[in-house]
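My request is simple: use the sequences and hints to build the entire structure.
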Amino acid sequence: MLLSERIKTPAARRLGILCSAAAMALASAVALPGTANAAGGYNGECGSGYKLIDTLWTGGIFKVYLTYSAATGNNCVVTIRASVGSPAPMNAWIQRSNDGSSYRGDPGQFTNYAGPVYLYAKGSCIDWGGEFNGGDADQVHSHCK
Numbered sequence: 000m001l002l003s004e005r006i007k008t009p010a011a012r013r014l015g016i017l018c019s020a021a022a023m024a025l026a027s028a029v030a031l032p033g034t035a036n037a038a039g040g041y042n043g044e045c046g047s048g049y050k051l052i053d054t055l056w057t058g059g060i061f062k063v064y065l066t067y068s069a070a071t072g073n074n075c076v077v078t079i080r081a082s083v084g085s086p087a088p089m090n091a092w093i094q095r096s097n098d099g100s101s102y103r104g105d106p107g108q109f110t111n112y113a114g115p116v117y118l119y120a121k122g123s124c125i126d127w128g129g130e131f132n133g134g135d136a137d138q139v140h141s142h143c144k
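For the sequence shown, numbering that gives the first Met the number 0 begins at 0 and goes up steadily by one.
These aren't lab readings, by the way, just hints derived from the structure by calculation.
Fair warning: there could be bad hints in the mix.
Unchecked claim - Label pairs and their calculated CB-CB ranges:
hint	residue 1	residue 2	range
1	143	51	15 to 25 Å
2	46	107	28 to 38 Å
3	140	83	28 to 38 Å
Said to hold, decoys possible - Straight-line Cα separation of at most 25 Å, SDA-like style, residue types lysine to any residue; simulated pairs:
hint	residue 1	residue 2
4	50	140
5	50	128
6	121	143
7	50	105
We treat Cβ as the ideally placed atom computed from N, Cα and C, and that holds for glycine.
In structure tokens form, the structure reads like this:
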């Protein structure tokens with residue numbers, strides 16, 4: 000029996016209905032995942048202050064995004080699947096060109112995106128890219144500043 004059915008006065012009954020509706024709405028909001036970070040596009044995963052400067056497109060399967068923060072001199076790379084799915088092997092990576100010791104990556108099994116990975120590379124050329132489920136996309140000796 001609903002709370003509103005147990006309450007006899009009309010005013011109390013309306014209050015009970017409102018409370019029940021509010022509780023159901025809250026439960027739905029908590030139970031359902033948000034869609035603000037929908038797969039397929041860059042949604043600020045690197046954080047505030049990072050501007051999108053390049054994209055590697057892989058024909059609808061995944062994209063690799065390169066961003067840069069002028070304030071910090073850091074680059075950031077994120078690999079994002081075209082659609083959310085079961086965990087699959089992914090990676091986002093970056094390094095200063097000709098400097099393998101600077102390599103930063105985020106390999107693993109992910110449902111949406113790999114990364115973000117950050118690297119200070121002000122005044123340097125970079126190599127960067129990403130992988131998803133056996134496919135890869137990269138750019139070498141690029142964005143020399």
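Going through the hints against the structure:
| no. | hint | in the structure |
| --- | --- | --- |
| 1 | 143 x 51: 15 to 25 Å | 18 Å, holds |
| 2 | 46 x 107: 28 to 38 Å | 20 Å, violated |
| 3 | 140 x 83: 28 to 38 Å | 33 Å, holds |
| 4 | 50 x 140 | 20 Å, holds |
| 5 | 50 x 128 | 17 Å, holds |
| 6 | 121 x 143 | 9 Å, holds |
| 7 | 50 x 105 | 20 Å, holds |
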